[in-house]
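Below are the chains, spelled out letter by letter.
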Amino acid sequence: MNRQILSREGWIRLAVIVAFTAAFEALCRFGFIPSTVVLPPTDMAASLWHILRTGEYNKDIISTISNVVASALISVTLGFVLGVILHTMPRLRATIEPLLASYYAVPTFIFYPVFIVVFGVSSRAIIAIAVLLSVVAMIESTLVGLDRIPRVLHKTAAIYRMSTPARAVLIDFPAAAPRLFTGIKLAFAYAFIGVIASEFILSAQGIGYAIAYAYNNFDNRNMYGLMLLVILLATSANTALDTIDRHMQSRVRVTR
Amino acid sequence: MKRTGDSLLLILGILATWQVLYWVAGDIALTSPASTAVHLWKLLGTARFWENAAETARAFTFAVGISLVGGVALGVMLGVNRTSGVVSEPILIAFYSLPKVTLYPLVLLCFGLGMSAKVAFGAMHGLIPVTIFTMKAIMQIKPVLWRTAHAMRLTARQSALTIALPAVLPEVIAGARLGFSLTLLGVLIGEMFASQRGLGFMIMSAMGLGDIATIMAIAVFLSAFAIAANALLLWLNRAVPR
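For the record, the sequence lines run as chains G and X. Residue numbers for the first sequence, in this note's numbering: 959 to 1214. Residue numbers for the second sequence, in this note's numbering: 20 to 261.
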């Protein structure tokens, strides 16, 4: 068991990030980068602290987070159900497979204006495009998860004369769970990207909207504070999900 | 033969779903497949469409060039040393899954409005996956290959060309495929937010007019382009011997 807080590489990584931030700070402070372009990192942090303390953007932050969570939940549920259905129909699946394979090559986001026209400028349009972006990742993960269930487990279920529902709950679901989690992780990351991007392009509230608004008003202070907030939110959420994911994947390897 | 049949079936299925959606949602939400095709055909005959398409194509070409060349160079540099690879991988992955739109104002402030900002933003999307794939490919070259190169007394140039390149090529092409589509997305988002030219701008101005037919026609055009490019790169990926 490795009880060190950080590995050697971890320390180097931390040093690289700190050095980069310090160099950035120095370049800004000594005037090589004008403050009209980029704020020094410490000022960004101060601005973020101010934003969180005064709560002036709380409405936007809550709106973004609830849209991300709603989109991710819809994608995970819908993707799981569609994945299970497709898995039971190999013929349909073989036909649809090329669509799934090239889905992420299409810049789906260009369909956002269609949803704007349909739903108006609202959370519904944002959630619709975020679901469209993230649902396919969940479908794919569900299919892979169900494909990779070791055949011996199905034989075991047959020996125990399990009914289909019992097999699904006791064997299939736990066996596919690590892959399903990868799907959840991806769905969340795509939903976050989708929500922020649509807020940024056109919406009435949300962090993305607030950043675009601040940009249009030359309000660099709030803009960089909010930017830092998005970076921190996305990085910490993704890192947390990724850590759990790696843990689950490594357990799969051990049991096999 | 069966695969061609399947693809035809898939296209028919998509068109049928689209038509049903059109019947359900009506004229304000969607245009039917047939009228979209007609509108696209009309659009393809206008000079305005091609001016904007050329603008997007120019920005995209530069951005893809930077993504591929820069990504491979960066990936090789980080990948040859195990420590630098292990150190940089999580940083690259964190940057990869970041909603990069948030950084667009930063790009705009650095590069100003116009072509260079679009190129920079597109390259920001495409560079990272190419780097990650190249780096991982280099790191995963089997040590026995290097020992063989050593035993055969190959020069650095020879081992790079005859050992490293063939070993990493499939991964690099896979990275290029991802980088290609993400760069396209980046350039289009860049045009949608702050631009006076390009297909992304055309979609946004059509949205302002509620001109759903133009949005759909351009979206279909771009999707067809992306799918065709993706199919070509997939084919290339399979053609390269592993």
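The hints are simulated quantities; they were obtained by calculation from the structure and are not laboratory data. Hints may be right or wrong, so weigh each one.
To be verified - Computed Cβ-Cβ distance ranges for the label pairs, DEER-style: (1) X/D46 with G/W1007: 17 to 25 Å; (2) X/L180 with G/F1131: 46 to 54 Å; (3) G/R1011 with X/L40: 45 to 53 Å; (4) X/G84 with G/E983: 27 to 35 Å; (5) X/F130 with G/W1007: 54 to 62 Å.
Said to hold, decoys possible - As a list, the in silico SDA-like pairs of lysine to any residue whose alpha-carbon atoms are at most 20 Å apart: (6) X/K155 with G/I970; (7) G/K1017 with G/A1162; (8) G/K1113 with G/F1131; (9) X/K155 with G/Q1207; (10) X/K155 with G/R1204; (11) X/K61 with X/F244; (12) X/K155 with G/G968.
Note that the structure is predicted; figures quoted are calculated from it, not measured. All residues carry an ideal CB built from backbone N, CA and C; glycine is no exception.
Evaluation of the provided hints:
no.: 1; hint: X/D46 with G/W1007: 17 to 25 Å; verdict: violated, 50 Å
no.: 2; hint: X/L180 with G/F1131: 46 to 54 Å; verdict: holds, 50 Å
no.: 3; hint: G/R1011 with X/L40: 45 to 53 Å; verdict: holds, 47 Å
no.: 4; hint: X/G84 with G/E983: 27 to 35 Å; verdict: holds, 32 Å
no.: 5; hint: X/F130 with G/W1007: 54 to 62 Å; verdict: violated, 29 Å
no.: 6; hint: X/K155 with G/I970; verdict: holds, 19 Å
no.: 7; hint: G/K1017 with G/A1162; verdict: holds, 11 Å
no.: 8; hint: G/K1113 with G/F1131; verdict: holds, 16 Å
no.: 9; hint: X/K155 with G/Q1207; verdict: holds, 19 Å
no.: 10; hint: X/K155 with G/R1204; verdict: holds, 17 Å
no.: 11; hint: X/K61 with X/F244; verdict: holds, 18 Å
no.: 12; hint: X/K155 with G/G968; verdict: holds, 18 Å
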